[in-house]
Amino acid sequence: MTENQKLRKVIIDWLDDNYHFGDAEGLIDGDDEKSFLQSGILDSLGFVSLVLFLENSCNVTIDRARLSPENFDSLGKIVRFVVPLPNYQIDPQVFGLVHE
Amino acid sequence: MSFTNIEFLFFLPVVFLLYWLGPAKRVYQNFILLAASYLFYGSWHWQLLILIVAGTWLDYYVSRKFADESTDESKRKRLLVISLVFSLGCLGFFKYAGFFATAANDALQSIGIQNSLPVLKLILPLGISYWTLQRVGYVLDTYWRRIKPADSLLDFSLFVCFFGQVAAGPISRGSELLPQLQKARTLTPQWITAGCFAFLLGYTLKAFVGEILGESIVSRAFTSPELYSTLYLWLGVFAFAGQVFADFAGYSLMAIGTARVFAIELPQNFNAPFISRSLPELWRRWHITLNRWLFEYIFTPLTTSKGWFRSRMDLGLLIVFATSGLWHGAAWTYVCWGLMHALGMVVQRNWDVLYRSWCRRNRAFVTIRKSSVYSLVSWLLTLLFFVLTLVPFRAPDMQVAVNYFKGLFQSNGAEALAISPLVVLSFAFIVGMHLVEINPLHRLKDFYLKIPPLVRGFAYGLAVALLILIVPFSKGTFIYQQF
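Heads up: the sequence lines are chains A and B, in that order.
The numbers in the numbering used here rise by one with no breaks, and the one at position 96 of the first sequence is 401.
The numbers in the numbering used here rise by one with no breaks, and the one at position 352 of the second sequence is 385.
If you're looking for bench data, these hints aren't it; they were derived computationally from the structure.
Be aware that one or more of the hints could be misleading.
[Claimed, not checked] Part of the chain B face toward chain A, derived, beta carbon under 8 Å:
# : residue
1 : Lys181
2 : Thr333
3 : Pro334
4 : Thr336
5 : Val399
6 : Arg402
We put the beta carbon where it would ideally sit given N, CA and C, even for glycine.
Start from the sequences, fold in the hints, and give me the full structure.
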């Protein structure tokens, strides 16, 4: 499994665990570019929670200046944005079991 | 001049013809729209046009400097501070100076010091709350290098003052509107039909639905709530929910429609808010552009910062909704309204956190959450809460708001409000607008949109002609324009 695929799974698990209880993959429906905010997958509160979760669980710092929906509003965008960040490493404890 | 003034009926076609009959060049099109926009704004109060022009020039200069490689970080910060102090200072001075001076005088009076601060009575520049936020958003986006600054003062001036949105939004992001203004636009039937549809729907909402509910029910109920029975007071507050929706969603649609006839797309401002099943969902559907601004530029930077505010979601919500309340008006009733919503959002968030913990322990809670009963109860509670918070929003002062709240549960009033067929029709119109957003009725909308644009355009033309004959122009003012 590549790092991109791992992070994708972690985010899906987080969405399921915190918002969609098993429906996240269905809501994304194979379209990783689907806008989280526009499709209701995530609201503004959830967006912030996800950012905090990624910072805590992937050992990264996300530049607040780049926290705009244009950069950070779909599964694909988040994965492409977070994986190349310096010091990126998924905490093994969150991989497979995610809680807010 | 306003969208419902008779002057606008002449102004819009003239601008339309000048815009499309001239050369299809960006500079020409933007020049026509900017001249029209300054005329539109100046027709209200030409002296205050200086304020908007000065702010435009300052922010254009500041944003260009942000992108200049020779500008170091400390200078960028200084420029940002200058821009924010100017923009927010003007907003604060014109909108809140009187409110805070009065509040300070009241506080001083309570300790025996009489009228120590002068209370200024200033004219509130039209749309200042909207174009200030739009400019501040743009300046922050360029400061954070989210977007490139506009390279033409003409484009940027139009971005700030476009007459379609200068009076009351929608509040656009730089990334949404500027790219459209930076290229020449082309006329197609789709733009005209989409524009006429939005304008017509907006006008119907404003001129029929909003006015009927406002005049027949709301103004009477809120002027003397003690005269009416509990049942009528409930009708009054639901009618106000309908009126304020019709008024502002109507205005927003007219703004969107006006922009579309110039081949410009403004962001959506309302999306069937009364079908929301939670407060966060409601705020994604009601005054969308203001709420996304508050969350993007206040809530997210605060709660994801490295400082003390990090992860303090409830405090962030309190700040956002207190700001939202004050943004709506310099009065304690609006502050009260904002704080009620802050409290509601905090309760909702903590309920969701608690419920999620139950779901993790027992999957039966997931099933309950996905059930129709849960959805129905959530919808009812959300609607009821929202409607109740509109009491202080509409009441002229806190005393009337308190009396109205009391009357909703016990009232000795005996007078009746006239529920005419037009009132019923107005409510039905709003319900219908929301129903078409729900599956399977959504298909009706899809079917309608498949009708050829030219056929729809012809029908809109007829409808506009009918409206012009039937609806009196210059009727009423937009509630949200006063903010």
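Verification of the supplied hints:
1. Lys181: Violated - the Cβ of B/Lys181 stays beyond 8 Å from chain A, reaching only about 13 Å at its closest.
2. Thr333: For B/Thr333, the interface hint holds, since the closest Cβ of chain A sits about 6 Å away, which is under 8 Å.
3. Pro334: Hint holds; B/Pro334 Cβ to chain A Cβ min 6 Å, cut 8 Å.
4. Thr336: 5 Å, holds
5. Val399: Holds, because the Cβ-Cβ distance from B/Val399 to chain A comes to roughly 4 Å (cut-off 8 Å).
6. Arg402: Result: holds, 7 Å to nearest chain A Cβ.
In terms of the numbered hints stated before, the structure departs from hint 1 and from no other.
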